[in-house]
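K.L.:
Sequence:
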Amino acid sequence: MTEQPLGPFPKPESYQPIVQRLKDMIECNNWKDKFERTVHDAYKTGVEDMTNISSLTDYYNFLNYFVLWVPKEDETGAFVYNMLGTMYFVLDQKTVRDFQSPIKPSSYPPPPLTELSKWIVDFAGAMGKDGSTNDFQIRNIADFGVKLRSVTRNSAINTFYTAENYNVDAYVVPEGGWLGHSFNEFFARKFLPGTRPIDGPSNPAVIMSATDSTFDGSWDINTDSIVYLKGLPWTIGELLADSKYANDFAGRKFMHTFLSPYDYHHQHAPVDGKVLKAKVIPGQIYLEVNIKKHSDGKHRLIPTRGLVSSDSAGYQFCQTRGLIVIDSPKVGKVAVLPVGMAQVSSVVLSVKEGDEVKKGDELSYFQFGGSDIVLLFQAQSKVKILANKHKHYRVGKQIAIAHIAE
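The opening position of the sequence shown corresponds to residue 1 in our numbering, with each subsequent residue numbered one higher.
Because the hints were derived from the structure by calculation, they are not lab data. Here a beta-carbon is modelled for each residue, glycine too, at the ideal position from N, C-alpha and C. Some clues are possibly wrong.
[What the hints assert, rightly or not] Distance condition first, Cα-Cα at most 27 Å in a straight line; then the derived BS3-like pairs of lysine-lysine:
| no. | residue 1 | residue 2 |
| --- | --- | --- |
| 1 | 293 | 72 |
| 2 | 118 | 94 |
| 3 | 352 | 190 |
[Stated by the list, open to error] Derived Cβ-Cβ restraints for the label pairs, each shown as a range:
| no. | residue 1 | residue 2 | range |
| --- | --- | --- | --- |
| 4 | 57 | 391 | 42 to 48 Å |
| 5 | 222 | 193 | 38 to 44 Å |
| 6 | 158 | 115 | 38 to 44 Å |
| 7 | 197 | 169 | 17 to 23 Å |
| 8 | 296 | 250 | 45 to 51 Å |
| 9 | 44 | 354 | 54 to 60 Å |
| 10 | 242 | 115 | 22 to 28 Å |
| 11 | 57 | 379 | 52 to 58 Å |
Given only the sequences and the hints, what does the whole structure look like? Please build it.
P.N.:
Okay, here's the thing in structure tokens:
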């Protein structure tokens, strides 16, 4: 966590279009009193990151700074989380939560996003652009495509080299360094050859971790293709956007892992097989944030990762996500779903339908931040989960085994 609070954030002569849009929305809907209250409620929690955000104007100023922000880190490796968390901590307050699309089971296609939820999606799309356009509705992604042509921008990249847990030296660096490349290119960097060996490469029963991530648990899918998360019934059809393969996973397993911003953000095939489906499913942008008291006595924000709250359990069914269905000759169908989180709602596919993949081949990658991975298995594979809850696994490490009928 940062040693100093965020900000203060300067008031601009004029707000960026996406921030002005929120300001106009609040005025038009007569929400100003409620937003003033929600910022005040967030400030009164005493969270250090809110020290310089005590009014709605302060929040506008923060958002204006954030939308143009060049990502950087501090030595603790928590600064990216702090910036993301501050935006969503305000939006997570009860006073304005009802203005946003709920995280709850529904049929597919889901109902249209509320005006505020649509704005949140578009804010992510506006990040990293030069602020001169309103054309941020095409991609649910923090763009950060601007080339790092200045010393200032390149020095921001250098902060990741000294940040805890990022281990940037273990990744491929382009010839001449990162100057002239975008932050997205840096964030989607690839690891050095040989640093992610594959367990059981010739054993089709061995199922490997699709990404560097922390195992959160596995849940049964019942015979009606429903998985219960914190007591709420979610249909696999909704998760897979009514894919024709939705019922193929009835009676087996739903497996969830999550990534941190410092994790390697490419996803790889957990099994050999043929790609039957490869697409991106648009959806919401969401991040639940909670308060944690640290050893220095200060209260700081931490994103909630994992299926721990009935309020947010099942967000994977609502978020922007990728869907890759692999038909393994020995294991059966396996669905891999890279799920966006907050500004990391971009999923870039590296495969297409009809491709043959080997265990460990790249399937997709994220851009910016932390995210989630969901794996689905068929009943016929009789998969036994070997991963331990809350343990971090690298790409290639065995996390499960299929009991294949010969």
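K.L.:
Decide, hint by hint, whether the structure agrees.
P.N.:
Cross-check of the supplied hints:
1. 293 x 72: Status holds; Cα separation ~24 Å.
2. 118 x 94: Given pair residue 118, residue 94 holds - Cα atoms ~18 Å apart, limit 27 Å.
3. 352 x 190: Holds, because 20 Å separates the two Cα atoms, which is no more than 27 Å.
4. 57 x 391: 42 to 48 Å: Given range 42 to 48 Å: holds, Cβ gap about 45 Å.
5. 222 x 193: 38 to 44 Å: 43 Å, holds
6. 158 x 115: 38 to 44 Å: 40 Å, holds
7. 197 x 169: 17 to 23 Å: Given range 17 to 23 Å: holds, Cβ gap about 19 Å.
8. 296 x 250: 45 to 51 Å: 50 Å, holds
9. 44 x 354: 54 to 60 Å: For residue 44 and residue 354 the Cβ distance comes to about 56 Å; the hint holds.
10. 242 x 115: 22 to 28 Å: 26 Å, holds
11. 57 x 379: 52 to 58 Å: 56 Å, holds
The structure is consistent with each of the numbered hints, conforming to all of them.
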